[in-house]
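Peer 1: Okay, here's what each chain looks like letter by letter:
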Amino acid sequence: MITIENALNFYTNMLNKGSIIDLNYFEKNLSIDDFNEFLDLMEVINIGKSIKITDEFEKHFTKINEHKKSIESLKLAASFRNENENESDDVMDELDIIFKEEFNDE
Amino acid sequence: MANIKYKNDYNLVHRYLCGDEEAGRILYADVYIFIRSSIYKLTKTSIFSDEDREDILQDTLMTSIEKLDIYNGTSKFSTFLYGIARNKIKERLRSKKLDLDIEEYYDDLGVVNKDPLSIIIEKEKKLAIVKAMDSLSENHKQVIRFKFNGMSTKDIALLSNKSEEAIDSMYRRALKSLKKIFEKLQK
Chain A
1 MITIENALNF
11 YTNMLNKGSI
21 IDLNYFEKNL
31 SIDDFNEFLD
41 LMEVINIGKS
51 IKITDEFEKH
61 FTKINEHKKS
71 IESLKLAASF
81 RNENENESDD
91 VMDELDIIFK
101 EEFNDE
Chain B
1001 MANIKYKNDY
1011 NLVHRYLCGD
1021 EEAGRILYAD
1031 VYIFIRSSIY
1041 KLTKTSIFSD
1051 EDREDILQDT
1061 LMTSIEKLDI
1071 YNGTSKFSTF
1081 LYGIARNKIK
1091 ERLRSKKLDL
1101 DIEEYYDDLG
1111 VVNKDPLSII
1121 IEKEKKLAIV
1131 KAMDSLSENH
1141 KQVIRFKFNG
1151 MSTKDIALLS
1161 NKSEEAIDSM
1171 YRRALKSLKK
1181 IFEKLQK
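So the sequence lines, in the order shown, correspond to chains A and B. For the first sequence, the working numbering assigns the number 1 to the initial residue and increments by one for each residue that follows. For the second sequence, the working numbering assigns the number 1001 to the initial residue and increments by one for each residue that follows.
Since the hints were derived computationally from the structure, they do not count as laboratory data. Bear in mind that the values here come from a model prediction, so they are computed numbers and not experimental data. Any given hint could be a false lead.
[Unchecked claim] Which bits of chain B does chain A cover? Going by a derived footprint, with three or more residues having C-beta under 8 Å, they are:
1. 1077-1089
2. 1139-1151
3. 1174-1181
Backbone N, C-alpha and C fix where the C-beta goes; we use that ideal spot for every residue, glycine too.
Isolated chain B, as found in the complex (with noise of 0.2 Å):
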C-alpha cells in the first residue's frame, strides 16, 4: 500500500466513496477556489473564451470523480485535481488544433496565493449579508449586482445612462450602505 502522506485528504475520499455525501463536499470546497483559479490564471490568454474556461473546470471536476479510487493519498487532493486540469487544458488546445508551447503556461499554474475569498462561509454572516442587499437601493442592488458578476464600469454607463465617474461613485456609496447595514444585522 502506498505511504499516505495526505492523510485527511485521503480520509474525506474514501468517506465521500463510501457514500458519505458531507466528506464530498467539504473535500471539493476546499480546493474549489485553487482549482477555478489556476484554471483561470493558466487560460488567461485570448485563445480562450469565458465559455472554455467554466468546460474546463466542469470537466475536470468530472474526470476527478471517474478517477476519485485511484487517488492514494501520496500528494495533496489539490494536486491531483491540477494535474487533470492540465491535461483538460491540453486537450482544450488541442482540439483548438494550436501549436503551442503549452508549457509556459503552466509555469503560472504553480503559483498558489491565498485568495481572499472562500467557500462555504459561515451561516449567520451569508444571511446578514443577503438581507442587506435586499435592504439597498435599487440602484444600489445593481450596480452592485453588476460590479459582482464581473460588468466593467464602462457598460454599467452605458446601460445606466451614466457617466463612468458616477457609476463608480454610486458602488463606493453602495457598498459603504451595505457594509452599515451588515454590520448592524450582526449585532
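Chain A with its partners taken away, still in its complex shape (with noise of 0.2 Å):
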C-alpha cells in the first residue's frame, strides 16, 4: 500500500516525464477513499499540466509558424525572375547585365 500524498507525487512525476501510466496500479495499492480522493485532485493536476503544455505549445507554433513564412518569402524570391520575365522586360535586362557581369566568367 502506499499513501495518498505518494501517489499524487508519483503521479505528476510520471505526467512530468512523459511516463505510461496505469491507473490500475494506484487503484492497487491505495485504499478505497484514497483512491476516490486521487481521481478527484488528478483531474486538477491534468488541467494544471494541459495549461503548461498548451502554452508550450503555442510557443512551437509560432515558431514553426515563423519558419513557414520565411520559407515562403524565400520560394517567393527565388521565383520573382520565372514569374516577372514578360512584364517588367528593362528590369530583366538589368538583372542579366548584372548577371553576365558577377558569372560571366563561370
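Two chains, two frames, some hints: make the complex.
Peer 2: Below you can see the structure in the form of C-alpha cells.
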C-alpha cells in the first residue's frame, strides 16, 4: 500500500516524464477512499499540466509558423525572375547585365 | 495522384499551406503531445540531456514545416512527424559520435498510449484554473508550480528548508484547495 501523498507525487512525476501511466497500479495500492480522492485531485493536475503544455505548444507553433512564412518568402524571391520575365523587360535586362558581370567567367 | 487515406490530416495540411493559420494550429495541436512524449520516451536514456530532447523536438517541428508540401495523406500526419523525429534522433546520436544500436530504442517509439493531457483546453476551464491558482496561498501556489515544472520533492524540501514528508503533504493540501476553488469558479 502507498499513501495518497506518495500517489500524487508519483503521478505528477510520471506526467512530467511522459511515462505510461497505469491507473490500475494506483487502484491496487491505495485504499478505496484514497483512490477516490486521488481521482478527484488527478483532474486538477491534468488541467494544470495541460495549460503548461498548451503554453509550450503555442511557443513552438509561433516559431514554426514564422519559419513557414520565411520559407514562403524565400520561395517567392527565388521565383521572382520566372514570374516577372514578361512583365518588366527593363528590370530583367538590367539583372541580366549584372548577372553577366558577376558570373560571366563561370 | 496518391490515394489519400487520411483526408482530415491532408485537408488541414492543404489549408495551412494555403495560408489558413488556424488549420495549422489544429494540425499541430493534434499531434504535439504524441510527438513530444514519443521523443521523450525514446531518448530517456542518460545519453540525452533535456536540452537535447528540446532541440530534437524543435528540429522535428521545423523540418516538418520544410517538408509539409510533400505530405500526401497516405499516412497519418503523426506518422509523418514520427519519421522525421526518428531521423533527428539518429542525427543527434551521430553528432555525439555514438555507435549504438539505435533501432532498439525505436521499438519503444511505436507505443501509442492515451495521454491524460490535452492541448487547447476549453477557455473556461483554463480561466478557472488560472484564477484558482491565483487565489491560493503563496506556499500552495509555489509547491504546485515547482511540482508541475518537474522539480523533485527532495529539491523542493531543500529549497524551502522543510522535510520531504512536509512537502508531499503540502502538495496534497494545495491540490485540494485548488480543486475546491476551481469547482466553485466553474459553477
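Peer 1: So, for every hint listed, does it hold in this structure?
Peer 2: Taking the hints in turn, this is what the structure says about them:
Judged by the Cβ-Cβ criterion of 8 Å, the stretch 1077-1089 of chain B is not covered by chain A as claimed, because only 0 of its residues qualify and three are needed. Proximity of the stretch 1139-1151 of chain B to chain A, defined as three or more residues with a beta carbon under 8 Å from a beta carbon of that chain, is established by the 5 residues found. Closer than 8 Å: that is the beta-carbon criterion, and the stretch 1174-1181 of chain B has 4 residues meeting it against chain A, so the requirement of 3 holds.
Hint 1 from the earlier list is the only one contradicted by this structure; the remaining hints agree with it.
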